[in-house]
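Visitor: Below, each chain spelled out in residue letters.
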Amino acid sequence: AQSVTQLGSHVSVSEGALVLLRCNYSSSVPPYLFWYVQYPNQGLQLLLKYTSAATLVKGINGFEAEFKKSETSFHLTKPSAHMSDAAEYFCARGGSARQLTFGSGTQLTVLP
Amino acid sequence: NAGVTQTPKFRILKIGQSMTLQCTQDMNHNYMYWYRQDPGMGLKLIYYSVGAGITDKGEVPNGYNVSRSTTEDFPLRLELAAPSQTSVYFCASSYLDIDYGYTFGSGTRLTVV
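If you read the sequences in order, they're chains A and V.
The opening residue of the first sequence carries number 1 in the working numbering; numbering runs sequentially from there.
The opening residue of the second sequence carries number 113 in the working numbering; numbering runs sequentially from there.
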């Protein structure tokens, strides 16, 4: 079965530090890949998406992700964390019938 | 432009009661989805629709039903509510194909007691 694994259910970083959220997918064929962010009591918002056009994908709010086929990874990074980045982040992959399969999420805490 | 609108935002049900979660989108999206979100479990697909009159089961369809009579509306019906259905429910829609990503509603928090 196609799956998405997010390593680390909770990640804490200091304000101004590098943010790295990890995502690995299972597939022999590069899929469509997405990162979503969820702020408290809100729905999910699309941060960025990979659709095979470029391996380094830039998204909103200074986030970017790099698709690495050899590692089956799509890790999310941001050079300098802001307090406003505190949220839950979900990695997702496209599958058959145009459905998304989501990882279990990573809660990002930003410390002052 | 309202996007995806879900109602109600909160609801408490007693075991055995029924209810319908409403979802409406105004973007003329063909694809619509219902997910449930449980702590530490990510989002699980309940049902989806690729157009009016066409629906199909997702990963966790038991205890739920859907219909899609119009492009705009995709209600989710819970029959005989059970405590296991306590969750946050999200409706989403997408334009034609998966590479556009989804637009999500703000969710319905349901508690079954």
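I should point out that these hints are in silico values taken from the structure, not numbers from a laboratory.
Take the hints with a grain of salt, since some may be wrong.
[Stated by the list, open to error] Output of the computed footprint for chain A on chain V, the stretches with three or more beta carbons under 8 Å from beta carbons of chain A:
hint, segment
1, 174 to 185
2, 188 to 195
[Claimed, not checked] Far from chain A by the CB rule (all over 10 Å, computed), these chain V residues:
hint, residue
3, Thr198
4, Thr215
5, Val225
Every residue, glycine too, gets a C-beta built ideally from N, C-alpha and C.
Visitor: Output the indices of the hints that this structure fails to meet, ascending.
Guide: Going through the list in order, the structure violates hints 1, 2, 4 and respects the others.
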